[in-house]
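Q: Now for the letters of each chain:
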Amino acid sequence: MPLETAPAVAGKPPAATPATRTEARERAARNRKLTVYGARIAVLLAFLGLWEVCARTDVIDPFNFSQPSRIWDQIWQWVTHGTAQGSLGEQIGYTLYEALTGWVIGVTGGVLLGIALGRIRFLADVFGPYIKVLNAIPRIVLAPIFLIWFGLGPASKVASAVVLVFFPVFFNAFQGAREVDRNLVANARILGADNRRVTLQVVIPAATTWIFTSLHVSFGFALIGAIVGEYIGATKGLGLLVAAAQGTFNAAGVYAAMTILAVVALLTEGLLTFAEKKLFRWKPADAGDGR
Amino acid sequence: MSNTPAIELTNATKRFRTPSGALHTAVRDLDLTVAQGEFVAVVGPTGCGKSTTLTLVSGLEEPTEGEVRVYGEPVRGINPKVGFVFQQDAVFPWRTVLSNVMAGPRFRGVPAAEAKERARDWLGRVGLGAFEDRYPHQLSGGMRKRVALAQTFVNDPDILLMDEPFSALDVQTRALMSDQLLELWAGTGSSVVFVTHDLDEAIALADRVVVMTAGPATVKEIFTVDLPRPRTVEAVRLEPRFVELYREIWASLGEEVRITRERGAGRAA
Ligand SMILES: Nc1ncnc2c1ncn2[C@@H]1O[C@H](COP(=O)(O)OP(=O)(O)OP(=O)(O)O)[C@@H](O)[C@H]1O
Ligand SMILES: [Mg+2]
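Each protein sequence line maps, in turn, to chains A and B.
Quick note on this note's numbering: the first sequence kicks off at 1 and runs consecutively.
Quick note on this note's numbering: the second sequence kicks off at 292 and runs consecutively.
Treat the hints as calculated values from the structure; they're not laboratory data.
For glycine and all other residues, C-beta sits at the position ideal for the given N, C-alpha and C.
Heads up, a few of these hints could be off.
[Said to hold, decoys possible] Simulated coverage check for chain A against chain B, where a stretch passes if three residues somewhere in it have a Cβ under 8 Å from a Cβ of chain B:
| hint | segment |
| --- | --- |
| 1 | 193-204 |
| 2 | 271-283 |
[Unchecked claim] Each pair of labels, with its calculated beta carbon distance range:
| hint | chain 1 | residue 1 | chain 2 | residue 2 | range |
| --- | --- | --- | --- | --- | --- |
| 3 | A | GLY220 | B | PRO310 | 33 to 41 Å |
| 4 | B | GLY415 | A | TRP282 | 34 to 42 Å |
| 5 | A | ASP194 | B | ASP517 | 39 to 47 Å |
| 6 | B | THR309 | A | GLY220 | 41 to 49 Å |
| 7 | A | MET258 | B | PRO310 | 48 to 56 Å |
| 8 | B | GLU530 | A | THR209 | 48 to 56 Å |
| 9 | B | GLY338 | A | ARG121 | 44 to 52 Å |
| 10 | B | ALA403 | A | GLY220 | 34 to 42 Å |
| 11 | B | PRO402 | A | GLU269 | 39 to 47 Å |
| 12 | A | ARG121 | B | PRO310 | 14 to 22 Å |
| 13 | B | GLN463 | A | GLU23 | 33 to 41 Å |
| 14 | A | LYS277 | B | ASP517 | 55 to 63 Å |
All chains, full assembly: derive it from the sequences and hints.
A: The structure is reproduced here in structure tokens:
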């Protein structure tokens, strides 16, 4: 039996080569991925390790720069015993609630106004200069004003998130509505679409790519708006945690709050990417996607 | 009623403002009449103004001077009787193939079930029945063009404007689609204006072939194609009269092509 199969196998190496080549390529790709992840973790560990060692050997002052182990202890303490303002979950919930509300309002307003101005020339000509002026104001300085207007509660944070989110979304929606492929609009009109249908079924789908680009960035802005608002004055939230930690010269607390923020931001970013993948099934896969 | 021409361009002129602010004349003093049920092919050198002429008839653009009439009525905006197959890709990338073909009937208020049925019928006729769930980016260029054809035909247009509709197709599909177009046109009695660079195609399909001058476009000469119908594209090419017409029209067109080419070379130099 082995005597018979041996020549048969030897007789068709060409059939075997492509399969093994594909396999080899897949294995190489997997290995490369593992190497990249490994290297990333190594970089992180090296950084944290160096920080820890420097702090312990007093190369840097742990009072100002803190150290990873203390930050971790701080996070752990917040998780197990809660913060001075209440449980950690409640602080995260407040910040997320403010950011999310501000983001939804800002995005809705930005998209609606952007598309309206992009489609209706008259509106664009009238409101264009005002929007440019408003955009030129460094909007983060509005946060204290909102605090005066809306008080210590969530409303003032929502307001600062809204003003930060609105403009990038607005400009992207405007640009998207302006730069719709003229052939597509012409085709839709010939096929029988009225103005409303052109807006709803051509302009908006065509502009979604632009809008989605800004959604990613703008959620980050919403978080910044909420945090800065809380930092200036609040009764709950992660920003307040930072402010409180700073007030008691607790550097570990500041870093711990920042770490939590980063994790929250990364998670929401991941959710958005997931939604985007679902929504943009009609788009060809980006050549640079897997990098 | 049936004596009114389907399309009538009188002294139509179209000027565009170029980015530098100068005026560019794309079409100049164009006179052209297309009778109801007539198949007219338009040939002319590249960039002479053929597509622009079609946009004037469709109502997408207004003539700067002169008048365009469709069924005796001056063109004001888009006429629902007109179908337009664009030179460029114009299918909606975010809609599936089926949904693209359904778009026209849906825009016109046809119930979804009926629109779907009509769209499926047309997808079958252009040979894309198996691809209805794909998105345009998953199709080849020729397949996308066939989606565009189905998208236009599903609306049953009385006037059909076609801007190089078959130029992206392979030779076999092109012959198939040409025969299908002839069959369809004979059945519906619609009027067709068919822009092409392929003289074979123009003669095989049309009742009359219009030769345009080098830009700005105006009608240079019109040839009547007196080949018997029904025709099939492959068979008609072999007739002696076809070859004769080809020679005549090429002589007329060739001169304009040369002028255009020399101009281009002059500008580049
Ligand atoms: N919107 C526009 N603005 C300015 N110039 C234009 C515009 N559309 C067309 N033109 C110009 O008008 C001329 C005619 O264009 P057109 O598209 O009608 O040519 P064409 O005969 O269809 O050419 P082709 O055979 O290559 O498709 C060209 O010189 C072009 O640059
Ligand atoms: Mg053209």
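Q: Checking each numbered hint in turn, tell me which of them this model violates, lowest number first.
A: 4, 9
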